[in-house]
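In the order they appear, the protein sequences are chains A and B. The letter at position 132 of the first sequence is residue 132 when you use UniProt numbering, and the numbering goes up by one with no holes. The letter at position 314 of the second sequence is residue 314 when you use UniProt numbering, and the numbering goes up by one with no holes.
Honestly, the hints are just simulated from the structure, not real lab data. Among these hints, one or two may not hold up.
No more than 25 Å apart at the CA atoms, straight line, and that leaves these computed lysine-lysine pairs for BS3-like [stated by the list, open to error]: (1) A:Lys441 - B:Lys304; (2) B:Lys554 - A:Lys98; (3) B:Lys507 - A:Lys287; (4) B:Lys193 - A:Lys134; (5) A:Lys554 - B:Lys507; (6) B:Lys287 - A:Lys546; (7) A:Lys554 - B:Lys441; (8) A:Lys130 - B:Lys98; (9) A:Lys507 - B:Lys507; (10) A:Lys130 - B:Lys548; (11) B:Lys68 - A:Lys98; (12) A:Lys285 - B:Lys507; (13) B:Lys134 - A:Lys193; (14) A:Lys134 - B:Lys304; (15) B:Lys193 - A:Lys548; (16) A:Lys507 - B:Lys287; (17) B:Lys441 - A:Lys548; (18) B:Lys580 - A:Lys134; (19) A:Lys580 - B:Lys134; (20) A:Lys134 - A:Lys304; (21) B:Lys441 - A:Lys580; (22) B:Lys285 - A:Lys554; (23) A:Lys580 - B:Lys188; (24) A:Lys287 - A:Lys193; (25) B:Lys68 - A:Lys134; (26) A:Lys304 - B:Lys134; (27) A:Lys98 - B:Lys580; (28) A:Lys98 - B:Lys570.
A few chain A positions that, by computed beta-carbon distances, are all more than 12 Å from chain B [what the hints assert, rightly or not]: (29) Ser138; (30) Val259; (31) Cys279; (32) Met431.
Cβ atoms here follow ideal geometry from the backbone N, Cα and C, with glycine treated the same way.
Chain by chain, the residues:
2 protein chains.
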Amino acid sequence: MSPKITVELLRQLRQAMRNTKYIAEPIQAYIVPSGDAHQSEYIAPCDCRREFICGFNGSAGTAIVTEKHAAMWTDGRYFLQASQQMDNNWTLMKMGLKETLSQEDWLISVLPENSTVGVDPWIIAADQWKNMSKALASAGHSLVAVQDNLIDAIWMDRPTRPSTQLLTLGLGFTGLTWQDKMTALRSKMAERKISWFVATALDEIAWLFNLRGSDIEYNPVFFAYAIVGMNTIRLFVDIKRLAVPTVREHLQLDTPSKVELSIQTAPYESVFTELQAVCASLGPKEKVWISDKASCALMQVIAKAHRSPIPYTPLCLAKAVKNATEIQGMKMAHIKDAVALCELFAWLEKEIPKGTVTEISAADKAEELRSQQKDFVGLSFPSISSVGPNGAIIHYRPLPETNRTLSLNEIYLLDSGAQYIDGTTDVTRTMHFGSPSAYEKETFTYVLKGHIAVSAAIFPNGTKGHLLDSFARQALWDSGLDYLHGTGHGVGCFLNVHEGPCGISYKTFADEPLEAGMIVSDEPGYYEDGLFGIRIENVVLVVPAKPKYNYRNKGSLTFEPLTLVPIQAKMVNTDLLTQKEVSLGNIHSFKSALP
Amino acid sequence: MSPKITVELLRQLRQAMRNTKYIAEPIQAYIVPSGDAHQSEYIAPCDCRREFICGFNGSAGTAIVTEKHAAMWTDGRYFLQASQQMDNNWTLMKMGLKETLSQEDWLISVLPENSTVGVDPWIIAADQWKNMSKALASAGHSLVAVQDNLIDAIWMDRPTRPSTQLLTLGLGFTGLTWQDKMTALRSKMAERKISWFVATALDEIAWLFNLRGSDIEYNPVFFAYAIVGMNTIRLFVDIKRLAVPTVREHLQLDTPSKVELSIQTAPYESVFTELQAVCASLGPKEKVWISDKASCALMQVIAKAHRSPIPYTPLCLAKAVKNATEIQGMKMAHIKDAVALCELFAWLEKEIPKGTVTEISAADKAEELRSQQKDFVGLSFPSISSVGPNGAIIHYRPLPETNRTLSLNEIYLLDSGAQYIDGTTDVTRTMHFGSPSAYEKETFTYVLKGHIAVSAAIFPNGTKGHLLDSFARQALWDSGLDYLHGTGHGVGCFLNVHEGPCGISYKTFADEPLEAGMIVSDEPGYYEDGLFGIRIENVVLVVPAKPKYNYRNKGSLTFEPLTLVPIQAKMVNTDLLTQKEVSLGNIHSFKSALP
Chain A
1 MSPKITVELL RQLRQAMRNT KYIAEPIQAY IVPSGDAHQS EYIAPCDCRR EFICGFNGSA
61 GTAIVTEKHA AMWTDGRYFL QASQQMDNNW TLMKMGLKET LSQEDWLISV LPENSTVGVD
121 PWIIAADQWK NMSKALASAG HSLVAVQDNL IDAIWMDRPT RPSTQLLTLG LGFTGLTWQD
181 KMTALRSKMA ERKISWFVAT ALDEIAWLFN LRGSDIEYNP VFFAYAIVGM NTIRLFVDIK
241 RLAVPTVREH LQLDTPSKVE LSIQTAPYES VFTELQAVCA SLGPKEKVWI SDKASCALMQ
301 VIAKAHRSPI PYTPLCLAKA VKNATEIQGM KMAHIKDAVA LCELFAWLEK EIPKGTVTEI
361 SAADKAEELR SQQKDFVGLS FPSISSVGPN GAIIHYRPLP ETNRTLSLNE IYLLDSGAQY
421 IDGTTDVTRT MHFGSPSAYE KETFTYVLKG HIAVSAAIFP NGTKGHLLDS FARQALWDSG
481 LDYLHGTGHG VGCFLNVHEG PCGISYKTFA DEPLEAGMIV SDEPGYYEDG LFGIRIENVV
541 LVVPAKPKYN YRNKGSLTFE PLTLVPIQAK MVNTDLLTQK EVSLGNIHSF KSALP
Chain B
1 MSPKITVELL RQLRQAMRNT KYIAEPIQAY IVPSGDAHQS EYIAPCDCRR EFICGFNGSA
61 GTAIVTEKHA AMWTDGRYFL QASQQMDNNW TLMKMGLKET LSQEDWLISV LPENSTVGVD
121 PWIIAADQWK NMSKALASAG HSLVAVQDNL IDAIWMDRPT RPSTQLLTLG LGFTGLTWQD
181 KMTALRSKMA ERKISWFVAT ALDEIAWLFN LRGSDIEYNP VFFAYAIVGM NTIRLFVDIK
241 RLAVPTVREH LQLDTPSKVE LSIQTAPYES VFTELQAVCA SLGPKEKVWI SDKASCALMQ
301 VIAKAHRSPI PYTPLCLAKA VKNATEIQGM KMAHIKDAVA LCELFAWLEK EIPKGTVTEI
361 SAADKAEELR SQQKDFVGLS FPSISSVGPN GAIIHYRPLP ETNRTLSLNE IYLLDSGAQY
421 IDGTTDVTRT MHFGSPSAYE KETFTYVLKG HIAVSAAIFP NGTKGHLLDS FARQALWDSG
481 LDYLHGTGHG VGCFLNVHEG PCGISYKTFA DEPLEAGMIV SDEPGYYEDG LFGIRIENVV
541 LVVPAKPKYN YRNKGSLTFE PLTLVPIQAK MVNTDLLTQK EVSLGNIHSF KSALP
């Protein structure tokens with residue numbers, strides 16, 4: 001991996017920072033965040049601006065360029081990768097280390113007095129803008145919105161924004177028509193006396209309209225915005241995409257059944273002026289719902305008196321609770337996924353002794369086998385296919401220069417998943433094709449105990465996922481071990497493999513309580529730097545439980561595993577399992593792992 | 001319990017709200033919070049202003065009086081009590097119910113346009129002022145500080161502020177001189193470039209100066225403030241208390257060893273003007289540390305540019321980690337406390353069959369037996385002595401009209417503790433003096449399993465207490481049961497029985513990580529409304545653990561119980577305990593409970 005040479009790019013960017021074509025007055029610093037205008041986790045090539053300017057292509061990182069300095073902040077997952085991908089014009093700011101200054105403090109330490117810091121208001125979230133702006137103001141500087149993106153201005157061969165074909169999903173996949181979803185949304189709005197809702201997250205818009213795209217790799221979404229009023233629906237999307245008869249029919253563009261379900265379409269870029277028009281006509285007490293993670297550009301269109309920012313939109317909450325059709329689809333997807341992975345593991349057992357299988361070829365084989373399953377669309381994230389020490393790199397992705405060969409001597413960890421039209425999968429299995437050591441088996445078994453403890457947990461209705469996180473760690477903690485990531489995330493149904501508002505983590509973020517119908521992952525692990533990595537991940541469905549009692553009629557919940565891929569028996573030290581774990585393991589598809 | 005008649009008091013208060021002797025312009029509402037100027041949990045009689053105006057004497061509640069309305073907000077623990085103690089001039093606002101308006105929303109709903117709401121800035125915390133002020137401003141009203149307390153103005157027989165004798169504690173009890181503590185505080189200040197620290201919490205001031213008082217029942221503290229600079233110490237306290245030679249010598253008032261350890265004393269009330277003087281002389285970059293729970297009155301003396309509010313002061317953090325002398329003292333206190341309680345339970349076994357022991361007389365006997373122990377000072381909180389259904393009222397305190405007789409048929413729950421000069425205790429035992437039912441034993445055993453799970457938990461250094469809370473609930477959850485309170489709180493050493501910054505709770509408050517030397521309670525429970533209550537509480541010390549491995553050299557922690565009172569064997573269904581719990585139980589002083 002050789003670093004990107006950025007001398008010339010930085011010269012051009014600094015020139016742009018002084019160019020009155022883009023800004024009235026020169027700016028002394030320019031912030032380049034990671035995300036796109038929808039705060040997507042995965043982004044399209046045209047939005048990889050931070051990578052373009054500094055070379056670092058990890059999923060998280062913010063670059064800041066001043067007249068003299070260039071610095072890039074990322075977290076512990078990416079210290080090595082970033083240091084290899086960036087040239088020495090860049091300073092790597094290692095987040096999480098005590099001595100590392102925050103972006104604000106660094107800016108304050110390097111900027112001349114009364115400086116102006118610029119950022120593209122479309123790719124900074126409203127809440128981040130607020131914090132940054134406040135911190136800079138307290139030190140006499142100011143944060144300004146630069147409407148033209150300065151990276152785009154110097155990015156000669158910037159890819160165009162994707163505009164892939166839209167896929168319409170019928171009731172057999174969605175369980176609810178988009179009209180039903182619209183009605184439910186409006187009743188939530190009426191309940192809270194909200195006049196308008198601005199949808200900015202791509203997966204929420206895809207879910208609402210029962211449409212899918214492939215604008216972003218791994219995520220079946222399409223670039224769009226929506227503005228919904230009590231009698232109005234505005235969809236902002238590349239108009240060319242709506243020329244297809246099936247799409248027109250699906251959205252009833254030509255023959256709306258009712259006035260309030262008639263969709264007005266407009267170009268993607270016109271959302272700004274249309275939202276301005278909506279806001280200009282608001283009555284004095286009217287309120288507009290918008291995610292607090294929406295772009296600063298859109299948030300600021302709405303006057304403070306009308307703005308009602310929310311951490312989780314009603315679409316996010318509704319989407320998280322899967323209906324019977326979606327659950328059935330997710331189950332089907334997991335059956336197909338398990339078939340493909342069983343084929344893979346059988347193939348690996350046969351091929352590994354020949355010494356020809358590598359991390360990359362194993363991942364490719366997994367994709368090939370999955371692609372033979374019905375309604376396969378693509379992978380749901382880049383496969384983490386890792387041998388031995390590479391397994392200890394939690395977000396590892398095999399590259400030609402790191403690619404190891406699978407052998408009978410090292411542990412193999414495969415964390416992978418797929419998008420099928422009926423559902424999304426995400427599964428991790430850790431295996432040994434020779435003879436695992438006693439220590440490998442011991443730590444694997446602790447991870448398995450944690451995995452079972454979460455999967456079999458019974459808890460009252462209304463419990464938030466973060467309260468279950470320690471169950472996954474107890475067996476490891478008892479032996480002085482731990483893992484430094486959360487235990488689970490929400491999973492979409494033929495949508496993003498990571499979705500809110502629920503999860504299982506020691507980090508206390510504002511997660512919403514678990515509800516029957518929600519789907520999350522259960523994935524504790526253990527990582528021994530330089531040696532191996534272990535992770536056991538199932539996707540699990542929240543279901544009602546029926547324990548002996550029912551305290552205050554609150555009801556109880558538990559999990560039903562959707563993932564059906566067996567766990568490798570030889571990795572388990574069964575002496576370390578309790579009888580209860582053995583029996584729970586039987587129920588929960590760990591059968592092959594147990595005596 | 002008959003309600004307090006408040007017609008005349010409300011008339012007088014409303015008159016005061018219009019009286020230009022106290023305020024320049026009439027105010028349309030007056031807020032009467034619960035606390036004192038130090039945000040103490042327990043308060044002195046002279047500070048019981050909310051009780052005076054409405055009659056309700058629970059530990060939590062806020063009264064608001066407008067020209068036409070009077071309303072009082074309290075939580076679920078107190079709905080019944082408040083409704084019995086308040087007359088019909090008052091509306092009980094049941095916090096936690098969906099239909100109940102917040103104080104802000106209620107004010108906005110009843111006030112005429114452009115109203116002014118008053119509050120005594122000394123008894124409202126700075127963070128509460130901020131929220132209330134913002135909410136009122138958004139609706140066109142304003143919050144103003146009324147310097148003269150309007151309740152005091154109409155409270156004819158208001159008790160005087162206590163000024164009890166000060167007790168000096170030597171090294172044998174504290175382990176550190178106040179001079180050492182002052183030096184440690186100043187080094188924390190230097191580390192963070194802080195010029196001044198304002199101490200407002202009574203237990204922090206008592207701890208810092210190695211002094212105790214008895215101004216507030218159950219809490220061995222005294223009314224005071226302190227302002228500490230790098231070369232200055234100012235102590236604000238009723239000057240009369242400093243006339244005692246032992247106190248003068250302890251504080252080296254007449255012969256300071258060093259200039260920077262010379263204490264300047266001033267009257268309690270002069271803290272405001274002295275802080276003004278300190279702030280007036282601040283250099284442009286100087287910062288002042290103050291708790292964000294300090295009174296609005298003091299917070300506002302410090303200009304925003306100089307203010308550095310913190311959730312936990314360095315004194316709070318230092319006080320929480322007990323030194324070897326304090327740990328030894330806490331152990332001694334718990335030995336004495338266990339002797340007294342064993343005597344009590346032996347006495348109860350003998351006396352209960354006679355039918356003459358009541359909740360009140362049992363609590364009195366417990367106090368009498370404790371008072372015979374060396375260095376006994378008083379109780380550490382009002383004893384919760386409860387029989388049968390009263391046990392299900394979590395914060396029950398026996399009153400003549402609720403007093404039940406202990407019998408062979410009902411469960412008895414005693415949650416009590418004492419202050420000894422060497423330490424503070426807090427213990428709950430639940431017993432049956434006849435034959436407990438199978439259901440009582442079953443639920444008791446689930447609570448015991450949870451209690452053992454926390455007490456025996458091993459967890460990495462740096463873990464916050466809230467991550468352990470679910471361990472206490474797992475056995476109950478498995479059977480569909482739960483309890484609606486946290487699992488543990490910090491415990492002071494001959495100081496407040498509840499102290500920050502650590503705890504064990506499902507509520508994610510900003511708790512600090514557990515550290516070796518911290519002391520918390522472990523007290524899961526189960527409550528069956530109208531039938532019985534179960535709680536098992538030990539005070540436990542955080543100690544290093546030595547599990548098999550040591551992941552990333554982080555080190556592990558566990559708990560050592562300080563409480564030595566046996567758990568009643570006949571309440572345990574041993575079939576429900578695992579072998580591991582039985583052996584852990586043996587280690588952890590549950591011996592008498594086990595076969």
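Verification of the supplied hints:
1. Restraint check for Lys441 (chain A) and Lys304 (chain B): the C-alpha separation of about 58 Å exceeds 25 Å, so the hint is violated.
2. With a C-alpha separation of about 16 Å, the suggested pairing of Lys554 (chain B) with Lys98 (chain A) holds against the 25 Å cut-off.
3. Annotation: proposed proximity of Lys507 (chain B) to Lys287 (chain A) is violated, straight-line Cα distance about 31 Å (limit 25 Å).
4. Restraint check: the Cα-Cα separation between Lys193 (chain B) and Lys134 (chain A) comes to about 22 Å, which is no more than 25 Å; the hinted pair holds.
5. Taken as a hint, the Lys554 (chain A) and Lys507 (chain B) pair is honoured in the structure, with Cα atoms around 18 Å apart against an allowance of 25 Å.
6. A C-alpha spacing of about 57 Å is found between Lys287 (chain B) and Lys546 (chain A), which places the hinted pair above 25 Å, so the restraint is violated.
7. Restraint check for Lys554 (chain A) and Lys441 (chain B): satisfied, since their Cα atoms lie roughly 23 Å apart, inside the 25 Å limit.
8. Our distance criterion of 25 Å between C-alpha atoms is broken by Lys130 (chain A) and Lys98 (chain B), whose separation comes to about 31 Å.
9. The hinted pair formed by Lys507 (chain A) and Lys507 (chain B) meets the criterion: a straight-line CA distance of about 13 Å does not exceed 25 Å.
10. A C-alpha spacing of about 47 Å is found between Lys130 (chain A) and Lys548 (chain B), which places the hinted pair above 25 Å, so the restraint is violated.
11. With a CA separation close to 56 Å, the supplied pair Lys68 (chain B) and Lys98 (chain A) exceeds the 25 Å bound.
12. Only pairs whose Cα atoms come within 25 Å are accepted, and Lys285 (chain A) paired with Lys507 (chain B) is rejected, the gap being roughly 35 Å.
13. Annotation: proposed proximity of Lys134 (chain B) to Lys193 (chain A) holds, straight-line Cα distance about 22 Å (limit 25 Å).
14. A hinted pair counts as satisfied when its Cα atoms are at most 25 Å apart, and Lys134 (chain A) with Lys304 (chain B) qualifies at roughly 14 Å.
15. Only pairs whose Cα atoms come within 25 Å are accepted, and Lys193 (chain B) paired with Lys548 (chain A) is rejected, the gap being roughly 58 Å.
16. The suggested pairing of Lys507 (chain A) with Lys287 (chain B) is violated, with an alpha-carbon distance near 31 Å, which exceeds 25 Å.
17. Only pairs whose Cα atoms come within 25 Å are accepted, and Lys441 (chain B) paired with Lys548 (chain A) is accepted, the gap being roughly 15 Å.
18. Note on Lys580 (chain B) and Lys134 (chain A): the hinted pairing is violated, with a Cα-Cα distance of about 54 Å set against a maximum of 25 Å.
19. For a cut-off of 25 Å, the pair hint linking Lys580 (chain A) to Lys134 (chain B) is broken: about 54 Å separates their Cα positions.
20. A distance of roughly 17 Å separates the Cα atoms of Lys134 (chain A) and Lys304 (chain A); the hinted pair therefore holds under the 25 Å criterion.
21. Proximity of Lys441 (chain B) to Lys580 (chain A) is assessed by CA-CA distance (about 22 Å); at most 25 Å being required, the pair is judged to hold.
22. A distance of roughly 55 Å separates the Cα atoms of Lys285 (chain B) and Lys554 (chain A); the hinted pair therefore is violated under the 25 Å criterion.
23. Proximity of Lys580 (chain A) to Lys188 (chain B) is assessed by CA-CA distance (about 50 Å); at most 25 Å being required, the pair is judged violated.
24. At roughly 7 Å between alpha-carbon atoms, Lys287 (chain A) and Lys193 (chain A) fall within 25 Å of each other, so this suggested pair holds.
25. At roughly 41 Å between alpha-carbon atoms, Lys68 (chain B) and Lys134 (chain A) are farther apart than 25 Å, so this suggested pair is violated.
26. Of the pairs offered as hints, the one joining Lys304 (chain A) and Lys134 (chain B) holds, with about 14 Å between alpha carbons and a cut-off of 25 Å not exceeded.
27. Only pairs whose Cα atoms come within 25 Å are accepted, and Lys98 (chain A) paired with Lys580 (chain B) is rejected, the gap being roughly 40 Å.
28. For the hint linking Lys98 (chain A) to Lys570 (chain B), the alpha-carbon distance of about 53 Å lies beyond 25 Å, and the restraint is violated.
29. Non-interface call for Ser138 (chain A) relative to chain B: violated, since the shortest CB-CB distance, roughly 9 Å, does not exceed 12 Å.
30. The beta carbon of Val259 (chain A) sits about 34 Å from the closest Cβ of chain B, which is more than 12 Å, so the claim that it is off the interface holds.
31. Distance to chain B confirms Cys279 (chain A) as a non-interface residue, since its nearest Cβ pair spans about 19 Å, more than 12 Å.
32. Every C-beta of chain B lies more than 12 Å from that of Met431 (chain A), the closest at about 23 Å, which supports listing it as non-interface.
Going down the numbered hints, you'll see the structure goes against 1, 3, 6, 8, 10, 11, 12, 15, 16, 18, 19, 22, 23, 25, 27, 28, 29, while the others check out.
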